[in-house]
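Chemist: For reference, the chains in residue letters:
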Amino acid sequence: MATQRIDPLAKEPGLADAPAWLTALAPDDRATLLAAIETERARRATELRSAIDAALEHVPWLLRVALRKVLFP
Amino acid sequence: MTMARRGEVVKLERVLGGKDLGYLDALDAAGLHALREALSAILFDDAKPVLQRVATASKLLPVSLVAKVGERVFGATLCAQVTGLLAPSYALDLALRMSNPFLASVSAMIDPRSAGKVVAAIPADRIIAVAAVLIERGDFVTMARFVDYLSPATIGAVIESVANELHLLQIGAYVESRTKLRELIGQLALERTRKMLAALRGPDADRWLEALAIAEALDDESRGKLGDIAAELEPEVMRALIAVAKRHGVGVRIDVCGCDERGGQAEVLRARSRGHRGHGGRGGRDAPGGLDPDGRERVISRELVPALHVRALGPGDALGVHHVHRTNAAQVRATAGACVSPIRAGLVRCRFARRRSSRHPWGCGLLLRATPRSSSLHRDMNIAIVAVLTSPDSGWFGLRMQVDLASFRRALHTSTSARPFTARVITPAGVMVQEPPWPAISTTPRAQFAFAT
Chain F
1 MATQRIDPLA
11 KEPGLADAPA
21 WLTALAPDDR
31 ATLLAAIETE
41 RARRATELRS
51 AIDAALEHVP
61 WLLRVALRKV
71 LFP
Chain D
1 MTMARRGEVV
11 KLERVLGGKD
21 LGYLDALDAA
31 GLHALREALS
41 AILFDDAKPV
51 LQRVATASKL
61 LPVSLVAKVG
71 ERVFGATLCA
81 QVTGLLAPSY
91 ALDLALRMSN
101 PFLASVSAMI
111 DPRSAGKVVA
121 AIPADRIIAV
131 AAVLIERGDF
141 VTMARFVDYL
151 SPATIGAVIE
161 SVANELHLLQ
171 IGAYVESRTK
181 LRELIGQLAL
191 ERTRKMLAAL
201 RGPDADRWLE
211 ALAIAEALDD
221 ESRGKLGDIA
231 AELEPEVMRA
241 LIAVAKRHGV
251 GVRIDVCGCD
261 ERGGQAEVLR
271 ARSRGHRGHG
281 GRGGRDAPGG
291 LDPDGRERVI
301 SRELVPALHV
311 RALGPGDALG
321 VHHVHRTNAA
331 QVRATAGACV
341 SPIRAGLVRC
351 RFARRRSSRH
361 PWGCGLLLRA
371 TPRSSSLHRD
381 MNIAIVAVLT
391 SPDSGWFGLR
401 MQVDLASFRR
411 ALHTSTSARP
421 FTARVITPAG
431 VMVQEPPWPA
441 ISTTPRAQFA
451 FAT
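Heads up: the sequence lines are chains F and D, in that order. Residues in the first sequence are numbered from 1 upward in steps of one, following my numbering. Residues in the second sequence are numbered from 1 upward in steps of one, following my numbering.
With a cut-off of at most 20 Å between alpha-carbon atoms, the simulated SDA-like pairs for lysine to any residue come out as follows:
| hint | chain 1 | residue 1 | chain 2 | residue 2 |
| --- | --- | --- | --- | --- |
| 1 | D | Lys11 | D | Ser177 |
| 2 | D | Lys68 | F | Ala54 |
| 3 | D | Lys48 | F | Arg43 |
| 4 | D | Lys59 | F | Arg68 |
| 5 | F | Lys69 | D | Leu51 |
By construction, these hints were calculated from the structure, which means they are not laboratory data. A quick note: this is a predicted structure, and the numbers were derived from the prediction, not measured.
Extracted from the complex, chain F is given alone in its bound form:
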């Protein structure tokens, strides 16, 4: 049975419509792009969490508690 290749990039919400530029990329290059997106996504999430934690260190503890409730409900 023939297998149908599913482009992993198509899973990305913003890329689901397979724009013209996406079809210009070879399968390997698409995979590399997808990996780059995942890496950057993880990096940004880590950076954001670290920055918030570090920022909270600069405010009084009572306010810190209140802010944590706002930031991480």
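For this one, chain F is given, so just place chain D on it according to the hints.
Modeler: Frame of chain F, contents of chain D only:
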């Protein structure tokens, strides 16, 4: 790599954390732009819920503390992301409390569209200060991104503050909005434009690519302005252009109709002069000047244009040279464009300097060769030489110089030299300076132009 693609690569590298993007070589500038837009949206949407809460939480703290924490702890990337979620007035208050180097870093990461109101509200002196930091860092891409969001007055102030014209060139090459780019070029003083182009030599010769990228985005008038300035510069500048064009596959050429192996332009002048004397009676019968405008155009199209001699001055190149009535520049572009594919056509650059001590910016065009029958073209006919500078983007950079026959005749009549003109012709092979001796040319210039009176 084209300028547009280079700019997109820089911007996309920032979105993807500065990694090598060699795997995206298959994408052109438009593809990279689309990808960047999509990725920016994807990555922003991922973090948006948390960023929104950060924006909300920031209002619980004093502005001064938020600015301090933002700069020292949060960093430029996160501040750039949060900015678009803040009320513009609050974001402006924060921005004004931050240092210029930090604002420069935020500028590099921010999406100008999300912060347009904030950017537009920042005082010009702060914009200038931040621009100075960006220039020091060589971050011209970021500066270009903000041109769209600054007022003409602020842009003017920034231009004034940038001492190095090459920096302005580099900024302009990355500006995406053609309208804004035209505004920017329009605000540049003539002398600064001249300095900018004059600097395109030696180690900075490759920046001709950026100048061409800018020229492509301009309208005919602005292109003509740049072209006229370039035409007046020293040959070294134009040689640098030729060298860059050859190195990067940019076609640069000017053909002069009637330029032949024996006498070049002088031969043309002589032929025209003889033609007039020999066919004076015919001139009256065939004079297009005696026709109504439509009829004149038909005569021009039917007789003169086909008669123009098309000659390639360099291997592998071919370009027709056409004449044009001053009101019909579009026709020349269309005709030239049709006959030189894939080279695109524009209207011209060519300068004829009357000896080194006396330059005449009006010079050119009259050296088109026409058949004797058309030598009686009416006296107010302006003529242009068609030339083309093409770029790697397949765009073209045409320079136009039209000649007023009366001025040309006047200048020639005042010539007292047997070597009145030096024709500088740009070809793919380099700058050819065709100098006399022209033994066949008359030393009485009036006679040479009797045909035109």
